[in-house]
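Trainee: Sequence:
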Amino acid sequence: MSEDDSRTVWTRDEVESPCTNVCQIDPDTRLCLGCARSIDEIGAWGSLSPEARRLIMDDLPNRQVSTGKRKGGRAARLKRKAP
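Counting from 0, one number per residue, gives the positions in the sequence shown under numbering that gives the first Met the number 0.
Honestly, the hints are just simulated from the structure, not real lab data.
All figures in this text were calculated on a predicted structure; none of them were measured in a lab.
Fair warning: there could be bad hints in the mix.
As the list claims (entries may be wrong) - Calculated lysine to any residue pairs in the SDA-like style (CA-CA distance at most 25 Å, straight line):
no.	residue 1	residue 2
1	K78	V14
2	K80	P26
3	K80	N20
4	K80	T19
5	K78	I24
6	K78	P26
7	K78	T28
8	K78	D27
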């Protein structure tokens with residue numbers, strides 16, 4: 000089965016998921032960096048009504064996901080450990 004075939008299986012007459020396959024939660028906002036949904040919204044998406052999905056989709060453009068600044072990495076860890 001090709002990747003296109005597997006996507007066809009999950010196509011339904013409902014509000015589509017805003018997932019962009021960038022699944023990483025911002026530690027400050029607690030929202031996904033890819034789609035701006037919360038972990039709870041992502042987990043419940045399959046069981047939400049079309050109306051509930053539409054409300055979330057309508058709110059996504061209003062959400063501030065990330066400042067775009069890196070928050071850590073090796074340099075930040077070393078800086079925190081420095082005396």
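Trainee: Under the constraints set out in the numbered hints, which ones does this structure not fulfil?
Mentor: Violated hints (numbers, rising): 1, 3 and 4; every other hint is consistent with the structure.
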